[in-house]
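Got chain V; can you put chain L on it based on the hints?
As a plain string of letters, each chain reads:
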Amino acid sequence: MSIVTVQLGQCGNQIGHEVFNAICSDVHSTHGLCSKKENESYHDACKERFFSEKESEGTAFKCLFPTEGLVSSLIQIRFCFSSYPVPVARAVLVDMEPKVISQTLSIAARSGYWKYDDRSHFCQKQGSGNNWANGYSVHGPRHKEVIMNLVQKEAEKCDRLGGFFTIMSMAGGTGSGLGAFVTQCLRDNFPTSFILNHVIWPYGTGEVIVQNYNSVLTLSHLYQSSDALLVHENDVIHKICAQLMNIKQISFRDVNQVIAHQLGSVFQPTYTAEGGLHYSRNPLGDLMETLVPHPEFKMLGLRNIPQMPENSLAYSTFSWPGLIKHLRQMLIANAKMEEGIDWQVQPPRLGSSIPSSHSTNKPLHFNTSIANLVILRGKDMQSVDLGSFQDPSLYTSWLSPQDAFNTWKTPRAFNKYEKSASLVSNSQFLLKPLDDVVGKAWNMFASKAYIHQYTKFGIEEEDFLDSFTALEQVISSYTVL
Amino acid sequence: MTQSVVVQVGQCGNQVGCRFWDLALREHAAVNKKGIYDEALSSFFRNVDTRSGGDGPDIYKGKICSLKARALLIDMEEGVVNEILQGPLRDVFDSKQLITDVSGSGNNWAVGHKLYGYQYRENIVEKLRKTAEHCDCLQCFFIIHSMGGGTGSGLGTFVLNVLEDEFPEVYRFVTSVYPSGEDDVITSPYNSVLAMKELNEHADCVLPIENESLFDIVNKIHQMINSGKLGSTVKQNSLVTSSAGSAKTVQEKPFDAMNNIIANLLLNLTSSARFEGSLNMDLNEISMNLVPFPRLHYLVSSLTPLYTLADVNVPSRRLDQMFSDAFSRDHQLIQADPKHSLYLACALLVRGNVQVSDLRRNIERLKPSLHFVSWNQEGWKTGLCSVPPVGHSHSLLALANNTCVKPTFIELKDRFMKLYKKKAHLHHYLHIDGMEQSCFSEAISSLSDLIEEYNELDATKGGPRTDPSRLKIAV
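Chains as they are written, first to last, in the working numbering: chain V, 71 to 551; chain L, 92 to 566.
So that you can see chain L by itself, here it is in the shape it has in the complex:
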């Protein structure tokens, strides 16, 4: 069994990360009744004997003593991390796994990447090494951050670089929250595009998320709860509740519910690697099957059913409905419409009491309405995990490598160009040591190239005009 380490950077990254650890603990608690530290737990948690004071040696078997998250929390201002350390999850984090500073990055990618990056590089490397040493077989780093700010965006992508240098064999999955059009951070297009270049070059897989979509999903869930038709009650250990665990229908913090969705995404993504099933899907299989060309590694994700995200007691609708929903606009975590664009590859990770015949039936049913690239007409990767999410019978995570991400990137480019043409706010960046005009021009050209690759695929539907002729054998 392999281990994964979560690196959460910046305010957004840490808030999402916090939700993730909360949900992970609940999920394992529900599955692991005997309190034995097993392989599934070890993928994200260490078992430490804290009785001897401080950081005892890791315990690899036997009863659970004290669980520590395999995580690194990085933020250039203290507010968010301090809150986490005072909250109910404080014991899950090792005090040595934090890197904080006081003044923040001022929504400036250059400050995050160049200034703090340079300053904290050694510290970061040392702490990463420490977490890696605690792992028997480290498979994957999960980076959680936002693109629009300064720390998550700048320092986050700096850490990505460091990971590639120091741990080239370990996969790098990045969950990036992209800014929406009405983002209140004026310089978010700059930050995002500068960060995109790093993602293009150094990430194995990127799962882009847009706040707008999360917001729509949360609203939908509320509608479902409040419509009354479904006779719903919020469950005891509901996922939209505050971290204090009390059942409330109104979320305490505005982003909690939205962050829960991202946390669920990560849980479902790793479920088949942690738990058993009749067709396992490991993390390295995801990157193998969904990334046909190295730079096209942006995956559109969708989670169904929605009520698993709210933990509402809704009678399970037909299984097939779950599959249909996964391909509808409303369930995507970015503002995109994969159904009307070109699929390069698609993965379906099913959890719970679902069998291969259900999978096949639904793939056959949905295939005709989806456009797959010519060389990958049957491009489906499937996984079946027997363990369902807490309190539900089944769930589905769909990951699509689809050209529908193109509009998102084009919009980003446009917003960037609007500012860049006027040279607005540029001086804030350029006066940082190590930052030059060329950084900007390289970043935008990297983005343009990426958009061009997607354009080509769309234009040719990915293949030559006629089927390539097969090799001929002389008889």
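So here's chain V without its partners, still in its complex pose:
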């Protein structure tokens, strides 16, 4: 089954591009460390999921053999004037102003590895001005038909549609406002398809002054139409770049590449069933099934280890027990990366008679989970012991640990990491960030600052109050886990 990606706004388009890059680069890499047959299956499954084949005419520089990555491919350039099928990303690019999309399209095409469909994008001339109301109430309805037509075309190209993956930021105007509107349209037009929203949480110390308003409005609306929200926080990724990747002058490109790597580690093909013979065909459906048992709880966090600069990879060795141990502690202690984990935090003792809905017996800082998914990529993963993740004390009481915890695996190594482990978690990971954003937005709302900018485009104070109410409900639900 195929996934159609919708890239919204500057952030969505910049990240989307890096995601396809990462996926393509991974598929073409020779560091799969597995059998040729395995590699081919992986390749095919990935292609079906993210790309369609298309003839492209007379593109000059084409790489005819898979090589060690995009940079070293320059060594093996072959002049090729005949048309050669270049994978075309299953994506729709949407933005209200043209600069980012035109850049994204041209950079992708120049890579020679993959490209976007030239017609699968929509842009206007003037952006949304960081105004959620402008994106949602003005641009949304105005351009609904054109955008949904593009989505429909992409959906029809798929043999079987596995669902939609939207990428957007919460802070701006287009990704957030128009993104919320488009998600609603997707839900209306494709009532039985899975919709996963990838949401970028802005830096705490502003990128945009009204980011908290935009975030509150976005989250409350997405919650109604989306199946799940997969969140990446800029602050966290920034720290990863600084402390783990050792990047000195961190650019948004660096941040986006880390995000792309983490997303790739979730969405590249895996075997979801124990002893499965084929790569899973339905990644979004599987994800929802394992992680979202209840519609009140849709916030998913993502952790991926190890993460290090590329030139350190050759000198590092990894062991599965080590990786699993770290990942588990990251889950329990709500650590954002594998450095600075608080090893003091432990799950509460079982056997106490106090029901888990009263969290008084839970030690502070302990992160309670509803459901977890661990994804292992690399050799010898079949022997890994994941019992520690099935400890009932990690979870709420309403699912048995067998149901609350799932694993996906593949022996095929991902993106040059000999072994890598990812955790997608529906837990209290995002409780604090959510609470912070709502708090700040409420503070600003109390003084009525900037409200006139929103009412100008039809979002009234009552709409704000509705959004606040919805999110307070979500916060409350996650708090009493």
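Please note that the accuracy of each hint is not assured.
As the list claims (entries may be wrong) - Computed far set for chain L versus chain V, every beta-carbon distance over 10 Å:
no., residue
1, M92
2, K152
3, E174
4, E213
5, N252
6, G272
7, E376
8, P385
9, V481
To be verified - With a cut-off of at most 30 Å between alpha-carbon atoms, the simulated DSSO-like pairs for lysine-lysine come out as follows:
no., chain 1, residue 1, chain 2, residue 2
10, L, K221, V, K318
11, L, K512, V, K526
12, V, K526, L, K563
Stated by the list, open to error - For each label pair, taking beta carbons as the anchor points, the in silico distance ranges come out as:
no., chain 1, residue 1, chain 2, residue 2, range
13, V, V415, L, L562, 24 to 34 Å
14, V, C104, L, N123, 25 to 35 Å
15, L, A121, V, H348, 51 to 61 Å
16, L, K221, V, K502, 50 to 60 Å
17, V, K502, L, S271, 27 to 37 Å
18, L, S484, V, A384, 45 to 55 Å
19, L, N444, V, A384, 47 to 57 Å
Quick caveat, the hints were computed from the structure, so don't treat them as lab data.
Keep in mind that this is a model prediction, so the values were computed, not measured.
Note that beta-carbon positions come from the ideal geometry of N, C-alpha and C, so glycine has one too.
Below, chain L without anything else, positioned relative to chain V:
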């Protein structure tokens, strides 16, 4: 990509405008090596085929034929505009984009606003419509004028009214040069306060500028050049040179260097809308993020590093120094001290090879020393544009919505009241058709209200005593 139109009114407005177009051309020439008419150029220029004589049709793609500025030049005396039309920029302006008269406004706001406004309204509307029609997607009008005189102040604010009536959806950014205390125009307080009322009610954003500050900055630059320590040479295409392009260290006209600074301000303000970057900041985002309440739309601007304004070959100091400077008194374009007043919002537009980590590091560093209003503790709007200004590696424009504009307004009010109490020179205004005593009283009360709003914010630091309690959900 959107387009913007510059409306330059009065002597000051036109002189600044002239510098702006000069710099804009140089900037695009430096970036656009192939001579293709691209989207960035189209934001301020039309591409016209003049071979067919007169005003040919607009060319939207392909090589640059003849660039015409998207501008409207208005002055009620001919001297300044004529000079522009005889200077090196004459081909940039369309002869039909001018509105001039002979006798000037006599430093009288009423003459500019009521008399000439009424007289030229139709003409103005027609010419504005023409320029708007040439735009694919018009986003913003930039008005450049001074507050103290008659034309810029009176007719300029009249045009502002017209823009709101005829083009309500298009943003109105006003660059206003405020008179200093020692201004030689006696009636400048009247003109300024009368104009302020219009700015309060009809502008989306106002960037107040004071000559004193510009003068101080120019002096600083000269000190830097002459100190010799920095081993400086003035660059070939230096921005303090005369418009003839020859390299000189002494400016030809007294206001050229100062006007260059304002021109740079406008260039930097629009750079992210014209050129690409990793975090774009469009003009509508500026007004969205920096204007929390409709009337509080006065933005204090500062440009760093200073040497970009002089185009002097100075080795680049540390990047962080640039950020610190942006918040120092010496770099503000009005006589104000934002660091010791209350910030409502702040925007940082960085150009050149600067990345998000540099931005974050500096914001973290500077935050503790700045006072932000309680409901906007992290009130930063940031933009990263990849294209640096001509000949430099990076630059920073900081726009602050800060209560430090209050003293400027209070002073203006005081100077006004000094004259008004004695009814000095009032008759010059009142005998103009349409002008009444109530115009004055309304204007001063509008200014007083504005000052009061800033006072309230200062007093309460913008928030209730305790954090407002959150909504409670029944579990």
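Structure-based check of each hint:
In this structure L:M92 is not separated from chain V by more than 10 Å, as the shortest Cβ-Cβ distance comes to only about 6 Å. Interface exclusion of L:K152 from chain V stands, the closest Cβ pair being 14 Å apart, more than 10 Å. Separation of L:E174 from chain V is adequate, the least Cβ-Cβ distance of about 36 Å exceeding the 10 Å criterion. The Cβ of L:E213 sits about 29 Å from the closest Cβ of chain V, beyond the 10 Å cut-off, so the non-interface label holds.
Separation of L:N252 from chain V is adequate, the least Cβ-Cβ distance of about 20 Å exceeding the 10 Å criterion. At the 10 Å boundary, the C-beta of L:G272 stays outside the reach of chain V, the nearest C-beta of that chain being 33 Å off. Non-interface status of L:E376 relative to chain V is broken: a Cβ of that chain comes within 10 Å, the nearest being about 5 Å off. Taking the minimum C-beta to C-beta distance to chain V, about 5 Å, the non-interface status of L:P385 is violated against the 10 Å cut.
A cut-off of 10 Å between C-beta atoms confirms that L:V481 is not in contact with chain V; the least separation is 21 Å. Between the alpha carbons of L:K221 and V:K318 the distance comes to roughly 51 Å, so the proposed pair goes past 30 Å and is violated. Our distance criterion of 30 Å between C-alpha atoms is broken by L:K512 and V:K526, whose separation comes to about 40 Å. Only pairs whose Cα atoms come within 30 Å are accepted, and V:K526 paired with L:K563 is accepted, the gap being roughly 29 Å.
For V:V415 paired with L:L562, a C-beta distance near 30 Å keeps the hint of 24 to 34 Å intact. V:C104 and L:N123 have their C-beta atoms about 50 Å apart, which leaves the hinted 25 to 35 Å range violated. With their beta carbons about 57 Å apart, L:A121 and V:H348 fall inside the hinted range of 51 to 61 Å. Taking the beta carbon of each, L:K221 and V:K502 are about 56 Å apart, inside 50 to 60 Å as hinted.
Checked against the hint of 27 to 37 Å, the pair V:K502 and L:S271 fails, with Cβ atoms roughly 51 Å apart. At about 35 Å, the beta-carbon gap between L:S484 and V:A384 misses the expected band of 45 to 55 Å. Judged by the Cβ atoms, the range 47 to 57 Å given for L:N444 and V:A384 is violated: they are separated by roughly 30 Å.
When the structure is compared with the earlier hints, violations turn up for hints 1, 7, 8, 10, 11, 14, 17, 18 and 19 and for no others.
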